[in-house]
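A.B. asks: Full structure from sequences and hints, please.
Residue numbers (the working numbering), protein chains in the order written: chain F, 1131 to 1231; chain X, 235 to 609.
Source of the hints: derived by calculation from the structure; they are not laboratory data. All C-beta atoms, glycine included, are put in the ideal place defined by N, C-alpha and C. Please note that a few of the clues may not be correct.
Ranges of calculated distance between the beta carbons of each label pair, as one might list FRET restraints [to be verified]: (1) X:G270 with F:K1170: 14 to 24 Å; (2) F:V1145 with X:L452: 38 to 48 Å; (3) X:D297 with F:E1194: 26 to 36 Å; (4) X:R448 with F:K1170: 35 to 45 Å; (5) X:Q322 with F:K1170: 18 to 28 Å; (6) X:E554 with F:Y1165: 54 to 64 Å; (7) F:K1171 with X:K389: 45 to 55 Å; (8) X:K389 with F:K1170: 43 to 53 Å.
Simulated pairs of lysine-lysine, BS3-like, Cα-Cα distance not exceeding 30 Å [as the list claims (entries may be wrong)]: (9) F:K1171 with X:K258; (10) X:K273 with F:K1170; (11) X:K274 with F:K1166; (12) F:K1225 with X:K273; (13) F:K1212 with X:K273; (14) X:K579 with X:K607; (15) F:K1210 with X:K274; (16) F:K1166 with X:K258; (17) X:K495 with F:K1166; (18) X:K274 with F:K1207; (19) X:K273 with F:K1166; (20) F:K1146 with X:K274; (21) F:K1207 with X:K495; (22) X:K258 with F:K1170; (23) F:K1146 with X:K495; (24) X:K389 with X:K370; (25) X:K273 with F:K1207; (26) X:K273 with F:K1171; (27) X:K596 with X:K579; (28) X:K273 with F:K1210; (29) F:K1166 with X:K496; (30) X:K274 with F:K1171; (31) F:K1170 with X:K579; (32) X:K274 with F:K1212.
Calculated from the model, a selection of chain X residues having no Cβ within reach of chain F, i.e. all distances over 10 Å [to be verified]: (33) A254; (34) K320; (35) N333; (36) S459; (37) K495; (38) N557; (39) P568; (40) K604.
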Amino acid sequence: MNFIVYNIKKGGDSVKFFFVIGSVTAATRLIRELYKSGIKKVSVVNTPTVISSGGCSYSIKSDESEAEQIYLAARRKNIKVKGVYREIESGEECKYESISG
Amino acid sequence: MKVYLDNAATTNKKPSSVYASLIKNSVFSSVNAGRGTYKKSIGAVFAMLDTAEKIAELFNITDSSRVVFFQNDTYALNTAICGFLKPQDHVIITNMAHNSVLRPVHRHGNYSIAEADENGNLIISSLKNAIQDNTKLIVCTHASNVCGSIEPIKKITEIAHKKGIKVLTDTAQTAGILDIDVLDSGIDMLAFSGHKGLMGPLGTGGLYVSEEIRLEPLVVGGTGSMSESFAQPEIMPDMFHSGTQNMPAIAALGKGVAFVKKHRQEIEEKEKSLAVNFIEEILNIDGVKVYGNIYNDRNSTVAFNVKDIDCIKVAQMLEEEFNIQVRAGFHCAPLAHKALKTEKKGCVRASFGFFNKKRDVKKIISAINKISKKG
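C.D. replies: Rendered as structure tokens:
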């Protein structure tokens, strides 16, 4: 497992998933598919720079509970997922753990 | 009250949903699609995806990401022709082609022209004879912008595909009016105008590219993705959408397409009925010649001349004395005029649209009658 530590001041714990898509059009296409399936608690965000490949990149941000549905929807729509990361904010730290890709 | 009969240039009236969408997105949601990730920016991308999906449904395209937007059909055709052909490739066009086909092909250099008869109908043997070993593309003009004659797309794709040749169809005059199915007809690339039969605003058009084809974009630049790469990303449709897209216009085009999808058959029947009615009446006028097919294999565009009166003068009189708007001259289609044998004098073109009425036919017939008596 890879850990990248990014220090920010935050309070509390929360776990979010980032599905790195790359293209905003593809990310938006995926999110439309998710909305149609009734999955609403997802959003298109800029990929955090620590996990992007150095340029503009877009991700689907979601709770852990939606992760499997997102992966299946991406496969259905033939949308390439470049990487999946778990963001763990814990107190002052924010880590991105690579799950795949 | 003005009578607008230049729908082949652009449809003058649009459904009210198109205007509402333009105002909404220009005034209240003027954002750059997909450059930020705030709600409105992603919402703008949604609007563009919506339009792409509607166009995909209209033309029976399975993957809407293969639909690319441009500012007009000319840009779409240039991208398809220049982005597909290699320097050594041979291309065939028909002589009903508009300059938006002829000029990029002429610049490419290695091309042949398949002939049409004097009604503007493609001579199939001429097309077959034009094929060479290195022919890679045939560009067909679904309907002539001069006389409305319709080319047999399915026949053309059958001939082309037997020889491994791809087919690009210019649907500027037919998208939204005739039934076009890319799967059934075997079209490999389809260029469309957004502001004519699809009832979208000016400044819209696009191209469908089948999955087997890889086109080189004419314009490269920022696509809002993979910005670390110096090379243009190879993602569809992003690779053709460099720079800021005209999102309000594209979103409004989606409303036009929705209208057209709902009323397509009605549109086709009404436009053809107006054109045929006009032709039947105008042929009763002394000294009038109509070019192209009379009843079949035609759309609602009618080309004609009145005695030896200069066509420009006829159009001028129609406008100044009778408030009727048509187009006269050569219609950016020099080869078509050669086929129709009007290359020296041009002709008047009246093109009916869905929002024209029977009384518009009566009005122009009455006007031409008076003009003919003067001449």
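A.B. asks: All the hints need checking, so say for each whether the structure fits it.
C.D. replies: So, going through the hints one by one against the coordinates:
no., hint, result
1, X:G270 with F:K1170: 14 to 24 Å, "holds (21 Å)"
2, F:V1145 with X:L452: 38 to 48 Å, "holds (45 Å)"
3, X:D297 with F:E1194: 26 to 36 Å, "holds (31 Å)"
4, X:R448 with F:K1170: 35 to 45 Å, "holds (37 Å)"
5, X:Q322 with F:K1170: 18 to 28 Å, "violated (53 Å)"
6, X:E554 with F:Y1165: 54 to 64 Å, "holds (55 Å)"
7, F:K1171 with X:K389: 45 to 55 Å, "holds (53 Å)"
8, X:K389 with F:K1170: 43 to 53 Å, "holds (49 Å)"
9, F:K1171 with X:K258, "holds (27 Å)"
10, X:K273 with F:K1170, "holds (14 Å)"
11, X:K274 with F:K1166, "holds (19 Å)"
12, F:K1225 with X:K273, "holds (26 Å)"
13, F:K1212 with X:K273, "holds (23 Å)"
14, X:K579 with X:K607, "holds (20 Å)"
15, F:K1210 with X:K274, "holds (24 Å)"
16, F:K1166 with X:K258, "holds (24 Å)"
17, X:K495 with F:K1166, "holds (22 Å)"
18, X:K274 with F:K1207, "holds (24 Å)"
19, X:K273 with F:K1166, "holds (17 Å)"
20, F:K1146 with X:K274, "holds (23 Å)"
21, F:K1207 with X:K495, "holds (24 Å)"
22, X:K258 with F:K1170, "holds (25 Å)"
23, F:K1146 with X:K495, "violated (41 Å)"
24, X:K389 with X:K370, "holds (17 Å)"
25, X:K273 with F:K1207, "holds (22 Å)"
26, X:K273 with F:K1171, "holds (14 Å)"
27, X:K596 with X:K579, "holds (26 Å)"
28, X:K273 with F:K1210, "holds (23 Å)"
29, F:K1166 with X:K496, "holds (23 Å)"
30, X:K274 with F:K1171, "holds (17 Å)"
31, F:K1170 with X:K579, "violated (63 Å)"
32, X:K274 with F:K1212, "holds (25 Å)"
33, A254, "holds (22 Å)"
34, K320, "holds (27 Å)"
35, N333, "holds (32 Å)"
36, S459, "violated (4 Å)"
37, K495, "holds (19 Å)"
38, N557, "holds (46 Å)"
39, P568, "holds (39 Å)"
40, K604, "holds (56 Å)"
Violated hints, listed in ascending order, are 5, 23, 31, 36; each of the other numbered hints is respected by the structure.
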